[in-house]
Amino acid sequence: MLKGQASMIDILLLAVFITIVLVGSSAFAGSEQQRAEQAREEAGYAQAQLITTLEYQDPAWNNQTTAQRLNYLFCTNGLPSPPSSCAPTAPVQLTLQNVLNKTARYGYDYIFYAESLPLNFTVCDRQISVCSKNLPSIAHTQHEVVCPDGFGKLVDYYVGIWPAWQDLPLAC
Amino acid sequence: MSLKGEAGEDLFAAVFVVLLIVGFIIAVNAAYGKWTETQAFIYSARAASSVAERLFYNSSGVVTPDCNALANQWNLTSVQFKLTWWESSSPSTCTFGSLNASTSQSVSSMPVLVGKNGRFYPGRVDVAVGV
Chain A
1 MLKGQASMID ILLLAVFITI VLVGSSAFAG SEQQRAEQAR EEAGYAQAQL ITTLEYQDPA
61 WNNQTTAQRL NYLFCTNGLP SPPSSCAPTA PVQLTLQNVL NKTARYGYDY IFYAESLPLN
121 FTVCDRQISV CSKNLPSIAH TQHEVVCPDG FGKLVDYYVG IWPAWQDLPL AC
Chain B
1 MSLKGEAGED LFAAVFVVLL IVGFIIAVNA AYGKWTETQA FIYSARAASS VAERLFYNSS
61 GVVTPDCNAL ANQWNLTSVQ FKLTWWESSS PSTCTFGSLN ASTSQSVSSM PVLVGKNGRF
121 YPGRVDVAVG V
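Protein chains in written order, with my numbering: chain A, 1 to 172; chain B, 1 to 131.
Hints are supplied without guarantee of correctness; some may be wrong.
Unchecked claim - Covered, in the sense of this in silico footprint (three residues per stretch, anywhere, with C-beta under 8 Å from a C-beta of chain A), are these stretches of chain B: (1) 12 to 24; (2) 46 to 53; (3) 105 to 117.
No wet-lab data here; the hints were simulated from the structure. Yeah, the Cβ is synthetic: ideal placement off N, Cα and C, and Gly gets one too.
Chain A extracted, bound-state conformation (with noise of 0.2 Å):
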């Protein structure tokens, strides 16, 4: 008697082992998959900011081409007018710098890279990065720029964007 019972107990101790792994794995699962899910959704934000960014116009902008902004964007090394603050004044002078101020996420890191061309932009508390060689970004597109001297370049530029609490893929 005492014996049938001792392995029923063992049988039930297995069981509640058992269980526990499973719940164990899957929280493990469900939570990789929540991770896969929200690297997905940035992966999405960040393209859409960097296209977002690049579409920008205002009146100063309005009559120039794509590919002229590109050309001022990447060959000059800079951005028109970028203001010292991030504390708006009024009249409000949106710029390129105030997209990202408005649409950039708090919390994450941004890295834009432009091959041979860094981009050096800065996002109120934010630095963002411009790194000296090409990251396994995760958005990457490729453009033709006219630059002053006349000559097209054709141009790798790369947006990446991470959360400010995890290491970069590789460092800058």
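For this one, chain A is given, so just place chain B on it according to the hints.
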């Protein structure tokens, strides 16, 4: 004395077995609940990000500041979304459906440009889908 001891052991064993069975049922139920909850969340998160991406890519990132028109244009019926844009230092908004910060909604965002009177303003669309 010995019989009393055996009876006590039997009672202990019976209680232990009942506790183990109850624990087993609770654990299985918790695992199943957690799994279904996660799947529901992921499903709604994908739906929300899918709609947000559709709003962005269908219009090349430029939208009009009219949420009802956007919903009609893309036949969005079972989602809620909020469009926020900055024409000045204070944001302007429009909403479609009731979007509120609650744990029963997955929210996905996309940056957009809001086209109004020939000008483009930085904006963001937040799409919510119920879990």
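To see whether the hints hold, each was checked on the structure:
Under a criterion of three residues with beta carbons nearer than 8 Å to beta carbons of chain A, the stated coverage of the segment 12 to 24 of chain B is upheld, 7 such residues being counted. Counting residues of the segment 46 to 53 of chain B whose CB falls under 8 Å from any CB of chain A gives 4; the rule of at least 3 is met. Counting residues of the segment 105 to 117 of chain B whose beta-carbon sits less than 8 Å from any beta-carbon of chain A gives 6, enough to reach three: the coverage restraint holds.
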